[in-house]
Structures are given as C-alpha cells and as structure tokens.
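Trainee: Sequence:
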Amino acid sequence: INLGWTKWASLTSFTYTSYGDVTMGKNGPDEYLRKEYVKRENGVDTVVKNSNSRIQQPTGYSQINLMQKIAYVPNNNWNINYGLHYSTTSDYDRYDRLIAYKNGLPRSAEWYYGPQVWLMNNVNIENTASNTLFDKLTVNAAHQLFEESRNDRSFKGNTLKSRVENVQALNLNLDFKKSIHEKQTIFYGLEVLFNDIKSTGTDKDITTGVKVDGPSRYPKSEWYSYASYVTFHTKLGEKLSFQMGSRYNQYALNARFDNTFYPFPYSKAKINKGALTGSAGLIFTPTNSWKLNANLSTGFRSPNVDDLGKVFDSSPGTVIVPNPDLDAEYAYNAEIGITKTLGNYFEIDVNAFYTRLNNAMVKRKDLFSGQDSIMYDGELSQVQSIQNAAYAKVWGIQADFELMLTKQLMLSSRFNYQKGTEEIDNGTTSPLRHATPWFGVTKLTYMGKKLKMELFANFSGEVSYANLAEEERGKPYIYAIDSNGKPYSPSWYTLNFRSQYQINKTLAISGDVENITNQRYRPYSSGIVAPGLNFILAVRMRF
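For the numbering used here, count along the sequence shown from 1 and bump the result up by 5.
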C-alpha cells in the first residue's frame, strides 16, 4: 500500500509465502535422487522409501516479510526516511546434512534451523543545503536484531541438540560529498559498527522431554569497527578521469569462553588492530564509442566471532575449535575493462580481474589440549581451526553484450570465467573452493508496448574431480560420481521463458516457465538440487 501527500509518504508491504518440498528435474545424475529418508515411527527412527525420489524431502518452509517505510520532505534541502523491516521463517531443514551417511545409515535423524528472525529499524537523512563542508550530507543509522538456531539429532539418538544465536547490531554512517571545482569532487565519511553476540545451548531428551544446558556455538562476544574514508575524483580532460581513495579501519573483538563443557586452554580472546586500504582508478574515453578503465585496490577482512570463536562440526568427522590468535586477511586487486558501442544497437563489455589474498583465513589441522582428535557429539573427530595459514589467488574474465536486432527485439548474453588456487597443508596448491565454474546467461527479449517476452538459457560448466577443492572432495554426498567413482560437479543448462502483458494501467498478468527441459542439476557446492520444470502465473494490480 503506497500513500502520498505533499510532504509525507508511506509504503506498507506484507508478504506470506509457503513453499513445499523441492522437486528436482527428470534428466540428470541418479546420485541426486532422494531414494529414502528418516521417519520416526512409534518412537523409533526408521529409514523409509521415498514414494517419489525426485522430491527432496524435507525442504519445504514458510516465510513472513513485513515492511513499513515513511518519508518526510519538509523542504527542498531535506529528505528524511524511516524504514521498519521484519521477517521470520518457519523451521527449515539442512538438507545436505540429512543426506550424509555413516556405515550405510543416515548420520542424522533431524538437522534443521529454527525460525530465522530479522528486525531492522533504519533512519536515513539527506541534506543538500550546500555549505563549506558539503554539498550533500547523508546520515544513516540502524539497529538490527538477528536470531537463529541450529538443531540436530543423530540417527537413533535421543538427544536433540539446540544452539541459539542472538545478535544485536548497531551502525552509524556519515557520508559527505563536496565539489571543490567544476571537475573535482571529494567524498569523505565516517562509519561506526557494533555487534553484540549471545549464544546458548540446550540438550533435550526427546523420550522424556527433559532439557539441560548444553555447549554454545559461540563465546559471548562484542565486535566493534570504526572507519573513516576519503575519495577524490577529478577529470583530467575531456577524455580522462581519475579517482583515488583511502580508508582506515580500527576493529576490535572481545570474546569470553565458557569452560563448562570444553576445557579450553584459554578463557578469553581480544583483538584490537587497524588496517589502511586504498584504491586508484582511471577511465579513458577516446571516442564516444570506446571506454577503457583500470583500477588497483587493496582490501582486508577482519576476523569475526564466527571465524575466531565457534565450535562446530564443519563436516562429518571433523570439529572446528576456536583460535584466539587469528588475524586479518588482506587482498590485493587489479582490474581492467573495455567497452565498445556501435550506435544505439550494439554494446560489448569485457572486464578482467586478478586478486591475491595474503594471510588467508582457512581451515587447518590443529591440536586441542595437545590432542589432534577429540570426542565431539559422540564421535571421534579430527581437530581443525581457522588459521592465517595460506595465500590464495583468483583471476577471471567477465564479458557481456547487447544487440538490438530490431526496435523491439534484443539479443544479449553474459559470460563469467574464473580460476582460483589456494595453498594447502603440505605447501602445495589446490583449486580454490569459492571459485565457481564458468557460468552465464543468454537472452532473447521482445519488448512491445504492452507485451514483454523473454526466452533465456542459464548455463554452468563442469568441475572435475581434479579441479575440485580439497574440502569439497570430503562431501561426496552432494556431488555426482564420475566414471572413476570420484565426486564431481557436472555442467548444466536450463531453458526458460518469461512473459508479461499489461492489460491496462491497473492490471498486469505474467506467466513464466522455468527449466523447460526438466534438467536435474545441482549448482556447484550447493546443498540442494535445483527445481525441475516449474510454472508461475501471477496477476498484479496497482491503483
């Protein structure tokens, strides 16, 4: 509901969605089929046959979203906006944990997230009354609340382990823009962030209903970040512009460990460090039909409580323990690009990038109280921790084009290719887990006065076993199996159709067909198989 007056405006939105279990496509690897699942019958965990092995049971969930925005414009120089956002979900299952097996039987009878709650109050103020300090000032302040839980129970086990996290987040941003010359502009500002993290654990006997305290996933923690930045933009001529900037960030983390359940050899962890980053870039337009750009930058990521302090099983048979000595990782980036246009009917854009990550935070084998393996959730597990133990490199190319075949018909395509490596335990390199296989989309779009139609194909390349990251090789249950019996991620494509017809100013109808050829595919490293053939019909009214 959108309402407007002379100086005030209001926008209210409420959405409820309910999704059933995801049904995968017909054509693809049989390894993805869900042939059986766990059902509790008469107080006993039982493996039952799935009546339709294409249905990924259980993957359904529901969600509520609420949004309220209020805008106030007292005069031409001020714009004040308030936003309230709230969303919550039902319980939803961690499907990839439910398809992992041990000794021929499912590892878990239950593994699900509790309701994920997000609440944000946000105020944004803009002032465009030009003065000595700024031509435009933007103030943004927000409070956010996050709550989620992880709940799991082993197959034929009686203990349901629940770990609940609650995060309160505050942020304040001040952003200034000032033109100091017709061709020169300076941007500068400040940022303050604060996170308060609380984590609790309970263990429930499902046969008696008795609950007792259990270990938490995280230590009680506070995380702070203070930053200032300045960016300078200038035109060095009619064809060349230059931009450079710098940012200083001071970050701190205080974590307090509870030794009730784990004999940590430490009781707290503290970080208080700073980092200076910068960037510089050029844009050169020799003619109206050519544009070239180049950019160099540095960046960093400071460790948060998820990196430094959590205790969890990253994969079956391993346990991650805290590392209070963790430090930030740093990135060094280079990017170049070129754009060519021909009249109003053709444009092609090509960009290439390279990034090197030093002091990378990665999982490595470790010791806990002098032991390389400990009992975790009833299983002897190899000890690992997040460590600054590696470097990583990634490079890639992105290319896209748009071609107007007629005034109403356009052909477009986008293609991404990237390759990455990371250092592993023995000093050699392995494919980088987060470097995805090549992927892209090609579209044929018709744009009429009232009718818009789009036929498009999404596609992605294969990741062979040889190119699969070491960490991913330990998760064969989410991958297909090659001719040598090794896990790999096959290439895939989908053909899709989308249409919309505007009946009048008030009413529009749309119809989509997704995955027309009913492909059975799993995006790289995904815990769930993508949906098969899908039909969508929608009616939209605006008044």
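Just so you know, the hints here were simulated from the structure itself, not pulled from any lab data. The reader is advised that the hints may include incorrect statements.
Calculated cross-link-like contacts (lysine-lysine; reagent style DSS-like; alpha-carbon spacing at most 30 Å) [to be verified]:
#1 Lys203 with Lys398
#2 Lys183 with Lys74
#3 Lys368 with Lys296
#4 Lys188 with Lys296
#5 Lys424 with Lys368
Trainee: So, against the hints stated earlier in the document, which numbers end up violated here?
Mentor: As far as the earlier hints go, 1, 3 are violated by this structure, in ascending order.
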